[in-house]
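Chemist: Can you join these two chains into the complex? Each is in its own frame, and there are hints to help.
Just so you know, the sequences run in chain order U and F.
Note that the numbering used here has the first sequence beginning at 187, numbered continuously upward.
Note that the numbering used here has the second sequence beginning at 1298, numbered continuously upward.
These are calculated hints, taken from the structure and not from any lab test.
Since the structure is predicted, the reported quantities are computational estimates derived from the model, not experimental observations.
Using N, Cα and C, we set each Cβ at its ideal position, and we do this for glycine too.
Please note that a few of the clues may not be correct.
Quick look at which bits of chain U chain F covers, simulated, 3 or more residues with Cβ under 8 Å [unchecked claim]:
id, region
1, 287 to 294
2, 304 to 311
3, 425 to 433
Think about it this way: if two alpha-carbon atoms lie no more than 16 Å apart in a straight line, the pair counts; the simulated EDC-like pairs of lysine to aspartate or glutamate are [said to hold, decoys possible]:
id, chain 1, residue 1, chain 2, residue 2
4, F, Lys1482, F, Asp1505
5, U, Lys195, U, Glu342
6, U, Lys315, F, Asp1461
7, U, Lys315, U, Asp398
8, F, Lys1482, U, Asp314
9, U, Lys195, U, Glu371
10, U, Lys315, F, Glu1397
11, U, Lys315, F, Asp1393
12, U, Lys195, U, Asp347
13, F, Lys1572, F, Asp1545
14, F, Lys1482, F, Glu1417
15, F, Lys1476, F, Asp1461
16, F, Lys1379, U, Glu290
17, U, Lys195, U, Glu364
18, F, Lys1593, F, Asp1546
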Amino acid sequence: MTHPIDEWKAQLTGPVNYQTTPLGPADLESRITSGINEHRQRLQDLTKLKEAGHKLEQDVSASLSTMAPESSTGVWARLPLVGHLFAKEVPKEPLSESLWVRYEQALTHIRNLGHHLELMERDLALMDKEIRALNEEALGAIQDGVLAAARVAALEALDIDISIALKEPATQASVRIELNGILDEITSQSWNRKLEAERFRAAAEADEQLLDMQRELRRGMTELHRALREIHQSGLEAMAGLSPHMATLASEAAARDLANEAATSVEALRGTLTQVCGLAHDNAIFIEEHLDSVTERMRLLDANSAERRKAQEEVESALALARGEVGERIH
Amino acid sequence: MSESTDETPAPLPTDQAAVFCAHLRAALRAIRLNLYYPSWRAISDHLAGVGHLPPDQDNLAICPRTGWPAPNEWLRFRIDHKLAPDLIAHVRRAADAGDEPSAQKAAYLQHLHTLTPMREPDIRVALVNIDEEGETRQGRFEVVMDRWEPGEPSFIRWTVRVLDQDIGDRISVNELEAKATTAFKRRLQILAAQPALAAWLVLWDDPDIRVEELVRGQVGPVQHHASGPRLSATLTRIANHLSGIRVDDPLSPDLLIPETDNRAALRYGMSHSRKWAVPESTLTKQRTWLNDQGSKNLVYPYTA
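Excised from the complex, chain F in its bound form (with noise of 0.2 Å):
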């Protein structure tokens, strides 16, 4: 690693916070994240509310192992968004009658109003074509489904295509509406937890579907460093019109493969880099990095 990141990042006292924050936004905004990946609007605007600590706050939490604020300080604003609603009143009436906390609080609720909070992912389905042979009608479906991992935390989009072998007629040539069943989703939903190869393996023994190709994006982990965050983001793709593994990830070099090679009867091949978004002042020193790491992962600069 081009400088320590073993130590664990210490809670950020207020002011600190929204500088951070503001640096973190600043990284997502210069990443480039495609379509891939999940919103990076979606997680800069959660960002923005959970660099706004409340007033009885002394500093922000920073999850040890991926380097993003804590699990509940993206809880926290969630939260109290779905809150201040019913609060602002109250809180008002004690500012008014000359109580300083609660002005501060009033101040606090009224500008959490104002921002965005992360939604509930969902899973989303999309027909791309429909072949017809014989009698039977098979779909083509590209399902993305994004997930917030919140005990990381972290930031996932999985995206799947899918042929599904016989869709009888339930589904027409212009359908805007498909939709995953129960248990698909909840087998998403299960599959989402695990490695992306071991998704794809398990989905390729599916019966009813063939999966075609599989990408997960993710946005994460943070490496805290004195002149500002590090931001990175993995790409992992594997199809099976995909030949070879390739894998250039400083971060993960021991990816785990299956040992017993059957790569060629599943019919898959792999691709998993990862790119990076670094203060502009250190550019430099991150390239000369990996060059001596053998990576060729993509380095954009950000300043905030």
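Excised from the complex, chain U in its bound form (with noise of 0.2 Å):
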């Protein structure tokens, strides 16, 4: 009986076109282990960044307090000039220029939130790219796990043709030998393919594990995004309303500021005014007529910063949700 030993010996050499790179066993398992320290690391920066967050979050909040009008019981009676609405106690220096100063402070604290706003949605979208590409090795792996098992069954076909070949009676002693020869080599490569099949399958899983981590990753990123997104926005839209006021409530302020200064000392208060009638007439007109625009803006303001601090709210709460499954997945 002929056997076909040739097409036997081709079996055994034949190509495996796997879809991932060649790699071996070695290499797969350190990619592995060096994705899940990726990970971990990255899970870590998670964790530092909502803590960032947070602080930003407070740092405009508290900024924008700063800013707005000290909430009243909703009567508006004949106010004094803006000085004290913006601040607790005194301050220290003049109003009108503590007033730039808190301004700043205010305006620094949205364009810093800004930045690391841009900042997430350029991981954000560097971390699709990731997923992406992780998604398409892991399919590479499945595959090729696939392709290593339907190796290693062809190869135990093949022992078993071979095996039943060698029962044969009539089988010469000489092709026996190259039998004997081609099973020995079939019994490696069967292990080294089923070792191979073996690793396909546990990068298949850890590709799989890795994509999960890093969907709840995104997942995680994408709430803290959309929270601190809120709150930059709500942040621009108190800067926008405040800006073009800004002009008129520094004078409105440095005529405070002058009227508190002369005050402390009346009698050169009294010389002053009657030498500078005109300039200090002006002032006191001034104070007058926009005495009662300040009191309706003030009370505008006051509305709308009750409303803010209710969107505020609103936003805070679902931040904390958010942290806290974040949190949950995270620990």
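Modeler: Shown next as structure tokens:
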């Protein structure tokens, strides 16, 4: 009986077109390990990012609250100038100076938050790319595992065929020697291919795990980004509402500072007003004429600030919920 | 006015913003601001940052009242310059991963780092001399206060020479580190928001000091024209060694002077004038206009 030895030898050395780049077991393991370590680091970074985001949120809220007038009981009597509404205590610096300092501080926090939001958007875009790449890698590893398993099955079938051929009495001695050699080769290759199949299976599982972690990370960052963006938007709207009035408010504050300063030395005020009749008279008229409009503006700002505070509270509770969810996932 | 400047300047797109700021910097160099004005170089350096817009900003807002870039633009540069060191490492990481917007942002932050924003203005005090009359020691001081009004925006330097009528032994003849007290500093900050004459008259009534000279140098406003911005600067000097009132300012012909003429009792005279820096192509036209106004303001040409 003739045996298809050449055909059987060809099956031993036939190519296997694996999808992933040819990796030895050691390379696969080290890549999986480094991927897991990288994700652990990223989850730690997310925790730090949450803390930084929380701090930014506090900074913006604190700055906005110093720019907003104190909430009144709703009764807007004839108020003195805007000075005391912007601070709980009399500031050490003249109000007209500290007003701009606080304005710049609020703008700094909001701008800082804006920069970090852009960075988060870039990170999310990069994460999407990585998720797609990991997804393809996982699919590749699965396909390679299937190919390796098919290879093992083919070798086992070959093993059976050769064993049957060896049991036939008609098989010549020289052929038996060759067939035994092929069997030894099959045994060696089967072992390697089984190991390969196992590695590919483990790689596919690890990739799936990494993908799950990556997706969780992305979900957490997206929630944080959304909450911070709402705070940023709220801050931008508050500054946009305030900015056009800053020059007027500053000059009103300057008039108030001068009135306060003069009030501390009445004699000086009397003498000065006598001599600076035109200028002081203008200032007094300015104060009188603008007091009503300032009062009205403060009332509107207070109403807006109440709405803004309500929106801020809603954002804060959503953020706390998101933080809780992400915190559970991290831990 | 020689050309219409009544329209509110529209926001400038990025390329025009850089050109506009370059023109202003040339004008600042040309207008020859002496020591009674804020440092032109500090304003110019800050303008370099103002004109360098971030990648996500399409235009430069202009203040309608003064013609300078809007207040938030000045603050934007100072804020981003302060935040840049912390941000740049993160932005570079994203840029290295191939993100194009991050690469642009990294380039913007990197460039900011090479520029210099204006520092917080401070009050400097220098001892001029000490008069010893009997047991009383009087110290004469020169107080210099720079003021950046973000709301205008405007750039002002106050130089006040005062005689402290009794310094006791606090100050030595060779004193190099005199400082304004908190109370005096606060007083000056309040008065600096007022017109020069109001500040003079309030200081005149101060029982502890005698004001001898007050100089207010202001840079601005900026007028926008097709040929390029026109920058002007005013110098107001009030002193007890001046006599008369001289005002030469086509932009403020109705400078407020108290109606009651107590100048003799108050012992002050005042001079107030403006000077200009205009594009070289409009020099003749500007001089003609000033002549028509009866003004002798100096005009300097600039080329950007």
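Chemist: Which earlier hints turn out false for this structure, listed by number in ascending order?
Modeler: Violated: hints 6 and 8.
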